[in-house]
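**Q** Protein chains in written order, with the working numbering: chain A, 1 to 148; chain B, 1 to 426.
No lab work stands behind these hints, which were simulated from the structure alone. Any given hint might turn out to be false.
In silico lysine-lysine, DSS-like type, Cα no more than 25 Å apart, as pairs [stated by the list, open to error]:
| no. | chain 1 | residue 1 | chain 2 | residue 2 |
| --- | --- | --- | --- | --- |
| 1 | B | Lys-5 | A | Lys-40 |
| 2 | B | Lys-309 | A | Lys-40 |
| 3 | B | Lys-110 | A | Lys-35 |
| 4 | B | Lys-62 | A | Lys-40 |
| 5 | A | Lys-35 | B | Lys-307 |
| 6 | A | Lys-90 | B | Lys-26 |
| 7 | B | Lys-396 | A | Lys-35 |
| 8 | B | Lys-396 | A | Lys-57 |
| 9 | B | Lys-396 | A | Lys-39 |
| 10 | A | Lys-35 | B | Lys-19 |
| 11 | A | Lys-39 | B | Lys-110 |
| 12 | A | Lys-56 | B | Lys-300 |
| 13 | B | Lys-396 | A | Lys-90 |
| 14 | A | Lys-39 | B | Lys-307 |
| 15 | A | Lys-40 | B | Lys-13 |
| 16 | A | Lys-35 | B | Lys-95 |
| 17 | A | Lys-7 | B | Lys-5 |
| 18 | B | Lys-309 | A | Lys-56 |
| 19 | A | Lys-56 | B | Lys-5 |
| 20 | B | Lys-334 | A | Lys-39 |
| 21 | B | Lys-5 | A | Lys-57 |
| 22 | A | Lys-56 | B | Lys-396 |
| 23 | A | Lys-114 | B | Lys-26 |
| 24 | B | Lys-5 | A | Lys-35 |
| 25 | B | Lys-13 | A | Lys-114 |
| 26 | B | Lys-101 | A | Lys-39 |
| 27 | A | Lys-39 | B | Lys-308 |
| 28 | B | Lys-112 | A | Lys-40 |
| 29 | B | Lys-5 | A | Lys-42 |
| 30 | B | Lys-26 | A | Lys-35 |
| 31 | B | Lys-110 | A | Lys-42 |
| 32 | A | Lys-140 | B | Lys-5 |
| 33 | B | Lys-365 | A | Lys-114 |
| 34 | B | Lys-5 | A | Lys-114 |
| 35 | B | Lys-309 | A | Lys-35 |
Chain B is nowhere near these chain A residues, computed Cβ spacing over 12 Å in every case [to be verified]:
| no. | residue |
| --- | --- |
| 36 | Lys-2 |
| 37 | Glu-3 |
| 38 | Lys-7 |
| 39 | Arg-9 |
| 40 | Leu-30 |
Heads up, the beta-carbon is just placed ideally off N, CA and C, and yes, glycines get one too.
One-letter residues, chain by chain:
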Amino acid sequence: MKEKIFKGRVVLAGNTTGEAVVSRQGLNLLASYQKSALKKAKRVICSDQNNSDLYKKDLTDKIICLPQTIGSTTGGMVLETVVQMGIGPKAMLFSEHIDSLAAAGIILSDVWLKSRIITIDQLGTDFLACVQDGQTVEIKEDGTVIIR
Amino acid sequence: MNQIKMELTQEEKEILAGKQGATLQKVMESVILYGEVFGAKRLVPLNGPVHLVTSFGIPLLKPVFEMMDELIEHGIKTKESFTVDPRPLDYDNVKCNLLEKLVFRIMYGKQKEYEEQLQKVGLKNENAFSCTCYLPEVGNTPSKGDILAWAESSAVVYANSVLGARSNRNSGIIELCCGIIAKAPEFGLLTEEGRKAKWLVEVKTSKAPNAQVLGSAIGMKVVEDVPYIIGLDHFLGTGLSTDTRDYLKDMGAASASNGAVGLFHVENITPEAVEKQRGLLVDNYQRYIIDDQEIERVIKSYPLMWKKKEARPKVCFIGCPHLSLEQLEHWSEKISLALKEAGREKVSIPTLLCAAPDVVKAFKKDKTRYNQLLETGAQITSICALMYMNNPLCAKQPVITNSNKLRTYTTAKFLLDEELLEQLVH
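Use the sequences and the hints to build the structure in full.
**A** Listed below in structure tokens is the structure:
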């Protein structure tokens, strides 16, 4: 497949490459992570029954591609917690503007845990339409995202 | 986001530079970075106490406990005393077997220590545990125009929409950080622009739609946008009666959990809609029509997560978010009447009515009323039903509820009020 390149806004900068998992609907952080987090699992299996894209898929150390996160306002802490447990996402790529819950999660992780989830937002609807589960995604610190 | 673009006061700059210590520096940095992401130009002072979403001492939330310890060690607390979401446990009123208790002891193993931490960083009092902090009995009730920094999605949407206060849908811990510096970054729902509606939602049903289903439909459609809802005044009347406030409380909670709605306007009902009417709509708004078919479609879309789909329900939860005093009275009367009509004395399923400790206290003051409810076999509790259902053993039980929020986050089956009542008395 030909490379596809997108450019977004850098929220938390960094360079990385990883495997994409894609939620084409809002990602509910609490509903998605709570089961694995409560079980202190070594891998996160998405437990959000309402998310047909990700339900029962492995989210551990993946690059999560999504429009935004939705749901309970415990979302940010849940994200910070899974980061501390070492089972958080490698990066988060938002097609839209990052929402307040995800923003809190990545900032709290960055400031209080000194652990960075590389985050780019406003990548556009074409990005989300293009990226597929299992594809390799490269992220550059200037906000460039390359899908291979 | 390395370069801070926000305009800061001298004091804010000094705190950010660490002149008042490394812990307060991290608190300030968290709030500022959070604001920067959303293009906030400044921090604005809060007009009221914060409401925290984290009320549960789950040991895995290590980052929260560690942060609390750090705050306490440095004598840092919120400027005003705060309220917090409901407790996860209530063994006196919510019966659990030994195994369930064992799991709860592990799951919420840090509850006592966490509550002590909350007290040390500014918790209002022992009764301040409810998702309905805004009810008059609980007392964290903002006024129109007040700037807040709340978490708890159902409380945020209520404060913004029904009370006309201004709070973003803050995540847990960010609200605590804002409470400590008594400021919030000015963006989103704190601004005039951010409170404008991108959706015109037309309610065209033949009767008043169930509040929880209507909220769910709206949340799933508009996700995080602000809807301007028309047609509801046809069923609810104009202005904010107690019944209307309760209806909007439940509708809002469903819209916030099934989507990410932080504010809605209802024509001729909510304060800003009364004041500015359709001037609240942006140009090129989108339209969503909700009729009887759409309500039916939404209900049918809810997956049933029970292992045995036809199982007999073992527990019924009413009150997520917590019931108001008036709702507690209504449910008490409805259950008594339904039992009488069915020729039964007690509910056939353990039934838990959830309300804030201060609301329960007010309800119990009328002994006749309280005894009437107890005679039905139903129990009152101030537990968080969602946290109860987080126990995998409890989640395996067939639980029924009239809460769309509880349905969304757990295996509970959603039933309309009438269907729920039917199950309780047969």
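**Q** Indicate, hint by hint, whether the structure satisfies it.
**A** Hint by hint, here is what the structure shows:
no., hint, result
1, B:Lys-5 - A:Lys-40, "violated, 39 Å"
2, B:Lys-309 - A:Lys-40, "violated, 29 Å"
3, B:Lys-110 - A:Lys-35, "holds, 18 Å"
4, B:Lys-62 - A:Lys-40, "holds, 12 Å"
5, A:Lys-35 - B:Lys-307, "holds, 17 Å"
6, A:Lys-90 - B:Lys-26, "holds, 23 Å"
7, B:Lys-396 - A:Lys-35, "holds, 13 Å"
8, B:Lys-396 - A:Lys-57, "holds, 21 Å"
9, B:Lys-396 - A:Lys-39, "holds, 15 Å"
10, A:Lys-35 - B:Lys-19, "violated, 41 Å"
11, A:Lys-39 - B:Lys-110, "holds, 16 Å"
12, A:Lys-56 - B:Lys-300, "holds, 22 Å"
13, B:Lys-396 - A:Lys-90, "violated, 32 Å"
14, A:Lys-39 - B:Lys-307, "holds, 20 Å"
15, A:Lys-40 - B:Lys-13, "violated, 39 Å"
16, A:Lys-35 - B:Lys-95, "holds, 23 Å"
17, A:Lys-7 - B:Lys-5, "holds, 22 Å"
18, B:Lys-309 - A:Lys-56, "holds, 20 Å"
19, A:Lys-56 - B:Lys-5, "violated, 41 Å"
20, B:Lys-334 - A:Lys-39, "violated, 40 Å"
21, B:Lys-5 - A:Lys-57, "violated, 39 Å"
22, A:Lys-56 - B:Lys-396, "holds, 18 Å"
23, A:Lys-114 - B:Lys-26, "holds, 11 Å"
24, B:Lys-5 - A:Lys-35, "violated, 39 Å"
25, B:Lys-13 - A:Lys-114, "holds, 21 Å"
26, B:Lys-101 - A:Lys-39, "holds, 16 Å"
27, A:Lys-39 - B:Lys-308, "holds, 24 Å"
28, B:Lys-112 - A:Lys-40, "holds, 21 Å"
29, B:Lys-5 - A:Lys-42, "violated, 39 Å"
30, B:Lys-26 - A:Lys-35, "violated, 30 Å"
31, B:Lys-110 - A:Lys-42, "holds, 22 Å"
32, A:Lys-140 - B:Lys-5, "holds, 23 Å"
33, B:Lys-365 - A:Lys-114, "violated, 51 Å"
34, B:Lys-5 - A:Lys-114, "holds, 22 Å"
35, B:Lys-309 - A:Lys-35, "holds, 22 Å"
36, Lys-2, "holds, 32 Å"
37, Glu-3, "holds, 27 Å"
38, Lys-7, "holds, 17 Å"
39, Arg-9, "violated, 9 Å"
40, Leu-30, "violated, 7 Å"
When held up to the earlier numbered hints, the structure conflicts with 1, 2, 10, 13, 15, 19, 20, 21, 24, 29, 30, 33, 39, 40 and fits the remainder.
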